[in-house]
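**Student:** Listed below are the residues making up each chain.
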Amino acid sequence: MSVLARYRLLTESGVLGLNKRNGDYLMRFNPRRLYPLVDDKLQTKQLAIKAGIAVPALYGVIETQHDIRRLGEMVAGHREFVLKPAHGSSGDGIIVVAGRSGSLYRTINGTLLDAEFLNHHLSNAISGQFSLGGIQDTVIVEAMVHFSPHFESLSFEGVPDVRVIVFRGIPVMAMVRLPTRLSHGKANLHQGAVGAGVDITTGTTLGGVMSGEVVDTHPDTGVVIAGLTIPEWDTMLDISARCYELTGMGYIGVDIVLDRDLGPLVLELNARPGLAIQIANQQGLLRRLEICEEAAGFAAAPAERIAFAKKHFAHPVGPVLHPGEVAAQIG
Amino acid sequence: MRNRQLYILASLLAVAGLAIFFFKYQTLGFPVRADAETQVWNVEAAVNFEPGPASVKVTLQIPSLTPGFTVLDESFVSRGFGLSTHNTTNGREAQWAVREADGPQTVYYRALVYRDPAKATEDSTPPFPEIPEFDEASRIAVDGLIAEVRRQSADVASFTSELLRHIDNAGSDQYVRLFLSDTSSSTAKAQLATRILAAAQIPARVSHGVFLKEQTGAARTVPLLEVHDGVEWLYFDPVTRAQGWPQDFLVWWRGNGPIADVDGGVDVDVSLAVQRSVLNSLEVAERRMDSMGSQAFDFSLFSLPITTQAVYSVLVMIPIGALVIVLLRNFIGIKTFGTFMPVLVALAFRETRLLWGIVLFAVIVAFGLLIRFYLERLRLLLVPRLTCVLTVVVILMAGISVLSQKLNIQPGLSIALFPMVIISMTIERMSIVWEERGASEALQEGFGSLVVAALTYVVMGIPWLSHLIFVFPELLLVVLAVTLLTGRYTGYRLLELKRFRSFAKPADPAGSPP
Numbered sequence: 001m002s003v004l005a006r007y008r009l010l011t012e013s014g015v016l017g018l019n020k021r022n023g024d025y026l027m028r029f030n031p032r033r034l035y036p037l038v039d040d041k042l043q044t045k046q047l048a049i050k051a052g053i054a055v056p057a058l059y060g061v062i063e064t065q066h067d068i069r070r071l072g073e074m075v076a077g078h079r080e081f082v083l084k085p086a087h088g089s090s091g092d093g094i095i096v097v098a099g100r101s102g103s104l105y106r107t108i109n110g111t112l113l114d115a116e117f118l119n120h121h122l123s124n125a126i127s128g129q130f131s132l133g134g135i136q137d138t139v140i141v142e143a144m145v146h147f148s149p150h151f152e153s154l155s156f157e158g159v160p161d162v163r164v165i166v167f168r169g170i171p172v173m174a175m176v177r178l179p180t181r182l183s184h185g186k187a188n189l190h191q192g193a194v195g196a197g198v199d200i201t202t203g204t205t206l207g208g209v210m211s212g213e214v215v216d217t218h219p220d221t222g223v224v225i226a227g228l229t230i231p232e233w234d235t236m237l238d239i240s241a242r243c244y245e246l247t248g249m250g251y252i253g254v255d256i257v258l259d260r261d262l263g264p265l266v267l268e269l270n271a272r273p274g275l276a277i278q279i280a281n282q283q284g285l286l287r288r289l290e291i292c293e294e295a296a297g298f299a300a301a302p303a304e305r306i307a308f309a310k311k312h313f314a315h316p317v318g319p320v321l322h323p324g325e326v327a328a329q330i331g
Numbered sequence: 001m002r003n004r005q006l007y008i009l010a011s012l013l014a015v016a017g018l019a020i021f022f023f024k025y026q027t028l029g030f031p032v033r034a035d036a037e038t039q040v041w042n043v044e045a046a047v048n049f050e051p052g053p054a055s056v057k058v059t060l061q062i063p064s065l066t067p068g069f070t071v072l073d074e075s076f077v078s079r080g081f082g083l084s085t086h087n088t089t090n091g092r093e094a095q096w097a098v099r100e101a102d103g104p105q106t107v108y109y110r111a112l113v114y115r116d117p118a119k120a121t122e123d124s125t126p127p128f129p130e131i132p133e134f135d136e137a138s139r140i141a142v143d144g145l146i147a148e149v150r151r152q153s154a155d156v157a158s159f160t161s162e163l164l165r166h167i168d169n170a171g172s173d174q175y176v177r178l179f180l181s182d183t184s185s186s187t188a189k190a191q192l193a194t195r196i197l198a199a200a201q202i203p204a205r206v207s208h209g210v211f212l213k214e215q216t217g218a219a220r221t222v223p224l225l226e227v228h229d230g231v232e233w234l235y236f237d238p239v240t241r242a243q244g245w246p247q248d249f250l251v252w253w254r255g256n257g258p259i260a261d262v263d264g265g266v267d268v269d270v271s272l273a274v275q276r277s278v279l280n281s282l283e284v285a286e287r288r289m290d291s292m293g294s295q296a297f298d299f300s301l302f303s304l305p306i307t308t309q310a311v312y313s314v315l316v317m318i319p320i321g322a323l324v325i326v327l328l329r330n331f332i333g334i335k336t337f338g339t340f341m342p343v344l345v346a347l348a349f350r351e352t353r354l355l356w357g358i359v360l361f362a363v364i365v366a367f368g369l370l371i372r373f374y375l376e377r378l379r380l381l382l383v384p385r386l387t388c389v390l391t392v393v394v395i396l397m398a399g400i401s402v403l404s405q406k407l408n409i410q411p412g413l414s415i416a417l418f419p420m421v422i423i424s425m426t427i428e429r430m431s432i433v434w435e436e437r438g439a440s441e442a443l444q445e446g447f448g449s450l451v452v453a454a455l456t457y458v459v460m461g462i463p464w465l466s467h468l469i470f471v472f473p474e475l476l477l478v479v480l481a482v483t484l485l486t487g488r489y490t491g492y493r494l495l496e497l498k499r500f501r502s503f504a505k506p507a508d509p510a511g512s513p514p
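As they're listed, the protein sequences go chains U and W. Reminder that position 46 of the first sequence reads as 46 in my numbering, one-by-one numbering, no gaps. Reminder that position 19 of the second sequence reads as 19 in my numbering, one-by-one numbering, no gaps.
Hints may be right or wrong, so weigh each one.
So, partial list: chain W residues that the calculated Cβ filter (under 8 angstroms) puts toward chain U [claimed, not checked]:
1) ASN330
2) ARG379
3) VAL383
4) ILE432
5) GLU436
6) SER440
7) ARG488
8) TYR489
9) GLY491
10) TYR492
11) ARG493
12) GLU496
13) LEU497
14) ARG499
15) PHE500
Quick caveat, the hints were computed from the structure, so don't treat them as lab data. Owing to the predicted nature of the structure, the values given are computational and were not obtained by experimental measurement. Backbone N, C-alpha and C define an ideal beta-carbon position, used for all residues, glycine too.
Let the sequences and hints guide you as you build the complete structure.
**Tutor:** Right, here's the structure in full:
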């Protein structure tokens, strides 16, 4: 297929490209002054706690090299915990400790780490090794998520999470990210995790995509991906919609994990959510964004926005539409 | 709304840049090509004479109206003579005067001319000439000649051409025989033609000039008959009767007088010489601007000291390199380490040349990575670790330079110009990407950076482009306009077409397995 034909095809499918995402959505709806709220996971967490949105419990914050020594104190009552750089991107620098073995810490995938290693890691993280632009960072010490067995058959180690794109308070597209052996248990698509689209209306999974290729079954467990219903889907929609009020950012990705005991928890927000969700859903984002801009009441309460999303974004969102036909379709 | 503002701003910038560019190109004659050379001719008139006992006054006709040519520079050389130039009805003349002179004297007039198509022929309409006076016999001959020529012609052009044919056959023509012999000079023939044309109420004059052509050395003046047909001037070669403006003809003076006149001297001899040479077009433009009194040159980059000029000749290319990066990143979608790192590496490539640059860059980064991986095991803190890498990079560069000096490999020396801080940061980021996302991604991004740097180097090194930007820095406004426009390009990137290839089946919008 020629380059031009492909280009037209993408346009017709309403695929959102990086340039358009940056130029027409991030720049318009994510004011620069609000970025720190989202880029700093600590601030996000504190805002969420204030707004009553469930997040993993905060054990402590390591802000200075000096604080590193207090790590033992912070996690004294907890066998499991997570170290997370507040400005880390795409899961870089996160260490999940799932247990102890004498003085050693055992990570989720069984590696034993000594205190010295953790100290070095924390010190690097504070110096900004994992932050964008290498700026000084803080490390969040928080509770480990006991991920719901619901996804067990669909993930290899790690914690699967649900990513919801929220456009001015309306959840427009969602996917569940399933860790694989290739991704080393991380739920990041570019590291080799499987992304599976989720029907906004019903909360059931669609087909999966791995490294840009369509996959029907999980590569490590062999379980069929499509057709799985995500528990507490309505709660997930509710908290993702409310994340708009939390930050005021118009175009965000909300990452949610499902805890065995606590239900859906917001892990973090992303002010520059990736575009791979479109591949996972086999759907362009642009059409959905246009539907929102044409007809949605952005000032409405979260419940009404979710109702709007459920009404309009049942998978698939209409046949291939030209932008001009959007109004007619939803009129 | 914001887009409209952007389009207006971009077009304003582009129009301003291009307008200045065209003005400098068309009017001021700045060359758009680096190797552009302009053919110039040095024409020289030397007047030799033997002075008499009293004061001497030398009058030399000098070029004033020169269709097709522009005088770039002129000089007058003489010893002990006072000099003045005047405008006269026929053009311009130089006058040398001295109260007393001893022995053979020579005065020189030199002019540097170059071809200038913009310099048009004059288009003034002359009045009808007075009918010249002839004695009775001549008068009858002239009337007869005019009557016959008129019978054989239809308009001024054919009249002139027919008249010249009669004059050319001076010996056998019953009318012309009275005025001229076969051996008469072409100047005499041309002068006779103007008199007869005047008798026929047709304005005409003789201009004298030299053919420049390819020749160098002595030249002689050639007359050219100019006839006005009431609308425009027509030109005839009095000998060949060819009509039209001759090629490479530099008009020296007009009228029936001699080229030089020495008052108070004898044995006057005027010799003309032409020498062809080429001058760099830029130099011609500069000298012409000087003679025009224009300050365009004073306010260009050429007014800077040579060393500063050399710096700017590189600096003005950086926006071009950055534009290449914009295209590669936002239109193609290539990932690089650091936004402008490739531009800086490309600048270093200017000294090392491309192949060596790539080799040296790869060697340094590879060694740096090795060191960095080892440092990782020592668990150094970030800033000291970066400093270590930087130090190692500097040591490596010095080592490579010394080694290449020993092995007599010249390009190894220019490694000193590599942006070491940038390279250290690249090594750091590459090693993190390597650890976090695997070797393939790190190598891919590293390779991408190198490709972008090489492409940027190639574009920044295009000779005509760098000449163009340096001579016409206002073109950077156009670059700015283009960059502004690319800043609002929200279409897909080329690599996104590949990334979203699973959208290749639009007929099945669900795209999901059952």
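**Student:** Next, verify each hint and record whether it holds.
**Tutor:** Each hint, compared with the structure:
Annotation: interface hint on ASN330(W) holds; nearest CB of chain U at approximately 6 angstroms, less than 8 angstroms. A hinted interface residue such as ARG379(W) counts as satisfied when its beta carbon comes closer than 8 angstroms to some beta carbon of chain U; here the least separation is about 4 angstroms, so the hint holds. The restraint placing VAL383(W) at the interface with chain U holds, with a minimum CB-CB distance near 7 angstroms, inside the 8 angstroms limit. For ILE432(W), the shortest C-beta to C-beta distance to chain U is roughly 7 angstroms, which falls under 8 angstroms, so the interface hint holds.
Of the supplied interface hints, the one on GLU436(W) holds, with its beta-carbon coming within about 5 angstroms of a beta-carbon of chain U, less than 8 angstroms. Violation of the interface hint for SER440(W) is found here, the shortest Cβ-Cβ separation to chain U being roughly 11 angstroms, above the 8 angstroms cut-off. For the restraint placing ARG488(W) at the interface with chain U, the shortest Cβ-Cβ distance is roughly 6 angstroms, inside the 8 angstroms limit, so the hint holds. For the restraint placing TYR489(W) at the interface with chain U, the shortest Cβ-Cβ distance is roughly 6 angstroms, inside the 8 angstroms limit, so the hint holds.
The criterion of a C-beta within 8 angstroms of any C-beta in chain U is met by GLY491(W), whose closest approach is roughly 6 angstroms, and the hint holds. Hint status for TYR492(W): holds, given a least beta-carbon distance of 4 angstroms to chain U, under 8 angstroms. With 8 angstroms as the threshold, the beta carbon of ARG493(W) comes within range of chain U, its nearest partner Cβ sitting at about 6 angstroms, so the hint holds. The closest approach between the C-beta of GLU496(W) and any C-beta of chain U is roughly 5 angstroms, which is under the 8 angstroms cut-off, so the hint is satisfied.
A distance limit of 8 angstroms between C-beta atoms decides the matter here; for LEU497(W) the minimum to chain U is near 4 angstroms, and the interface restraint holds. The restraint placing ARG499(W) at the interface with chain U holds, with a minimum CB-CB distance near 6 angstroms, inside the 8 angstroms limit. Against a cut-off of 8 angstroms between C-beta atoms, the interface hint on PHE500(W) holds, since the closest Cβ of chain U lies about 5 angstroms away.
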